[in-house]
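Chemist: Let the sequences and hints guide you as you build the complete structure.
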Amino acid sequence: MNALLASLRRIAAIARNTFLEAFRQKVLNLLLLFALVAIGSANLFTGFTFDEQLKFLKDFSFGAMTVFGTLIAVMGTAQTIQGEIESRTLQTLLVRPVGRGEFLLGKFGGIALVLAAAFALMTTVFAGVLVVKERQLVAAEVATVPAGHAVDEATAQRIASIEKQSRDPQLAKALLLTGAKTLFVAAFALLFSTVSTSAIFTVSTTLLVYLVGHLEGIAREAWTAGGGTWLQQAFLGVVSVAIPDFGSYGILDDVLAGTLVPWGHVASLLGYTLVYLLVLFGAARLLFDAREL
Amino acid sequence: MSAPALHLQALSKTYRLPWKRARLRALDRLDLEVRPGEVFGLLGPNGSGKSTTLKLILGLARPDANGGAVRVFGHPAGSEAARRRIGFMPEEPRFYKFLHGAELLRFHGTLAGLAGAALEKRIAAMLDLVDLTEAGKDRPLSSYSKGMLQRIGLAQALLHDPDLVILDEPTAGVDPLGTREIRNLVRRLKTEGKTVLFSTHLLTEAEALADRVAILHRGRKILEGTPDALLAVPGGTEVSARGLSDADRTALAAFLKERGAEAVEIRPARLSLEEVFVRAVEGKK
Chain G
1 MNALLASLRR IAAIARNTFL EAFRQKVLNL LLLFALVAIG SANLFTGFTF DEQLKFLKDF
61 SFGAMTVFGT LIAVMGTAQT IQGEIESRTL QTLLVRPVGR GEFLLGKFGG IALVLAAAFA
121 LMTTVFAGVL VVKERQLVAA EVATVPAGHA VDEATAQRIA SIEKQSRDPQ LAKALLLTGA
181 KTLFVAAFAL LFSTVSTSAI FTVSTTLLVY LVGHLEGIAR EAWTAGGGTW LQQAFLGVVS
241 VAIPDFGSYG ILDDVLAGTL VPWGHVASLL GYTLVYLLVL FGAARLLFDA REL
Chain V
1 MSAPALHLQA LSKTYRLPWK RARLRALDRL DLEVRPGEVF GLLGPNGSGK STTLKLILGL
61 ARPDANGGAV RVFGHPAGSE AARRRIGFMP EEPRFYKFLH GAELLRFHGT LAGLAGAALE
121 KRIAAMLDLV DLTEAGKDRP LSSYSKGMLQ RIGLAQALLH DPDLVILDEP TAGVDPLGTR
181 EIRNLVRRLK TEGKTVLFST HLLTEAEALA DRVAILHRGR KILEGTPDAL LAVPGGTEVS
241 ARGLSDADRT ALAAFLKERG AEAVEIRPAR LSLEEVFVRA VEGKK
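Protein sequences appear in the order of chains G and V.
169 is the number that my numbering gives to position 169 of the first sequence; each next residue is one higher, with no gaps.
22 is the number that my numbering gives to position 22 of the second sequence; each next residue is one higher, with no gaps.
Quick caveat, the hints were computed from the structure, so don't treat them as lab data.
Among the hints, erroneous ones may be present.
[Said to hold, decoys possible] Taking lysine to aspartate or glutamate pairs in the EDC-like style, the calculated list, with each CA pair at most 20 Å apart, reads:
#1 146(V) with 86(G)
#2 137(V) with 163(V)
#3 55(G) with 168(G)
#4 97(V) with 86(G)
#5 164(G) with 254(G)
#6 55(G) with 221(G)
[Said to hold, decoys possible] Derived DEER-like restraints, expressed as beta-carbon distance ranges:
#7 129(V) with 265(G): 29 to 39 Å
#8 198(G) with 21(V): 16 to 26 Å
#9 278(G) with 223(V): 44 to 54 Å
#10 46(V) with 198(G): 51 to 61 Å
#11 278(G) with 230(V): 52 to 62 Å
#12 18(V) with 228(G): 33 to 43 Å
#13 198(G) with 184(V): 33 to 43 Å
#14 59(G) with 47(V): 54 to 64 Å
Predicted model only: the values in this text are computed from it and were never measured.
Just so it is clear, CB atoms sit at the ideal spot from N, CA and C, and this is done for glycine as well.
Modeler: Here it is in structure tokens:
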């Protein structure tokens with residue numbers, strides 16, 4: 001029990017240090033700033049109907065959160081591991097009674113904290129923009145009612161629709177899955193950084209996996225349908241088995257269309273993420289154990 | 001009888017050069033034993049295998065298959081038991097620049113298993129030991145000079161009171177005053193019964209500090225012994241005196257030649273430039 005507690009303490013210390021160091025990196029701060037500006041500016045697009053305005057705001061904000069969240073995850077993870085190796089601070093860490101698995105867990109924990117903080121900030125700005133937009137749209141609807149008259153039924157319905165759309169609880173599900181996807185990407189960056197000799201290699205290979213992961217559904221369909229040469233089948237099989245299906249995390253279209261996404265589906269995707277994270281972490285640890293510093 | 005602080009047996013290490021079939025033999029069947037309480041110097045030019053030896057002792061690299069073994073106080077190198085007894089200061093230590101000295105020590109103390117009041121007490125003691133009590137409180141490491149970084153590196157190496165202190169080129173790039181402080185610290189560690197292993201390519205460093213030295217060249221040990229034994233000139237005698245006039249010196253030379261001495265050399269005594277520098281700078285303080 002004491003050994004476990006001591007191990008957790010070491011992991012927490014490394015995670016805290018990683019978190020503090022990440023927020024001193026200009027690139028990550030700039031990415032976060034761009035994300036916040038992008039989300040904040042989503043309110044400026046007003047040339048649509050109220051329905052389209054809200055959809056656009058959500059679509060644009062989630063797009064910004066996904067892109068910048070992914071970039072922060074990939075670049076943050078690649079830089080934090082490679083930076084430790086290049087500056088040789090890793091040597092002074094690993095000559096302590098710190099296991100290489102503990103080091104990787106601490107680093108991943110630190111990046112998870114960075115992503116949590118980044119998503120908290122982006123969500124806060126998104127929520128603020130959504131509230132402002134809702135008020136603007138409601139005020140515009142109320143303004144159509146002549147002074148001294150009661151709000152007619154059609155206007156009341158439009159106001160109710162605006163409020164329903166802007167306070168859609170399904171957004172929480174989309175947000176949860178967007179966060180899980182970026183964590184997933186960070187785990188791939190962690191895996192690649194254990195064998196990589198440069199941050200650029202880690203970033204590019206992780207982004208390649210990210211792109212292929214969005215096409216995994218197509219590859220799987222083609223694989224199960226059969227046909228083609230054995231080489232094509234083998235390639236499709238490897239992509240289908242080894243690369244996760246990042247496309248399945250994109251439930252925003254369903255949310256925007258008003259289709260109910262069951263919590264069971266969200267939970268199964270989170271479970272899928274967790275299992276994959278454990279596999280990726282196990283592989284990362286094996287590779288890092290074998291690496292000489 | 002207690003286990004040696006370090007026991008290296010037929011240690012070999014070969015690196016495969018990237019994208020080539022060639023291999024580089026960095027260390028070739030190195031045998032070495034360092035006794036507890038000893039200050040041991042690992043000497044050699046760049047590329048002689050010093051850093052590889054230290055990496056193998058620290059468990060950061062592994063010997064070749066059938067490439068011998070390293071034991072630290074009887075424990076295999078790289079094991080947790082071995083790492084708990086080692087304090088390490090790398091060459092030109094680099095740390096997280098945003099941390100203050102005390103924060104760095106707190107971080108390393110936590111990794112070493114220290115906590116609470118005991119950790120805070122050790123941090124204060126180490127900052128005092130390396131004369132960074134003030135700077136350690138509120139100055140980020142990015143503002144430290146090279147000498148200060150070397151000192152905070154030493155403090156983190158000694159933080160958990162290790163039995164074996166390993167210093168990789170401890171005085172590289174440090175001015176003579178800083179060098180003297182580090183030497184004094186090593187001597188103090190010896191009086192406390194610690195074992196110190198240091199690598200250097202500066203021969204004066206080894207001469208000034210080490211009880212024993214080993215000289216490596218192209219991965220092989222070519223000499224080992226005490227500095228006195230290695231530096232002694234067979235049949236040579238050195239005489240040091242004050243108050244002699246020129247006539248006395250001439251008479252002394254004649255006397256020595258009469259007694260059969262060869263290659264007699266009598267000249268005014270000199271200080272080393274390092275001694276002159278230290279005295280001059282300290283006189284200005």
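Chemist: Could you run down the list of hints and mark each one as holding or not?
Modeler: So, going through the hints one by one against the coordinates:
no. : hint                           : in the structure
1   : 146(V) with 86(G)              : 18 Å, holds
2   : 137(V) with 163(V)             : 27 Å, violated
3   : 55(G) with 168(G)              : 11 Å, holds
4   : 97(V) with 86(G)               : 14 Å, holds
5   : 164(G) with 254(G)             : 15 Å, holds
6   : 55(G) with 221(G)              : 30 Å, violated
7   : 129(V) with 265(G): 29 to 39 Å : 60 Å, violated
8   : 198(G) with 21(V): 16 to 26 Å  : 23 Å, holds
9   : 278(G) with 223(V): 44 to 54 Å : 53 Å, holds
10  : 46(V) with 198(G): 51 to 61 Å  : 25 Å, violated
11  : 278(G) with 230(V): 52 to 62 Å : 56 Å, holds
12  : 18(V) with 228(G): 33 to 43 Å  : 36 Å, holds
13  : 198(G) with 184(V): 33 to 43 Å : 42 Å, holds
14  : 59(G) with 47(V): 54 to 64 Å   : 59 Å, holds
Hint violations for this structure: numbers 2, 6, 7 and 10, all remaining hints satisfied.
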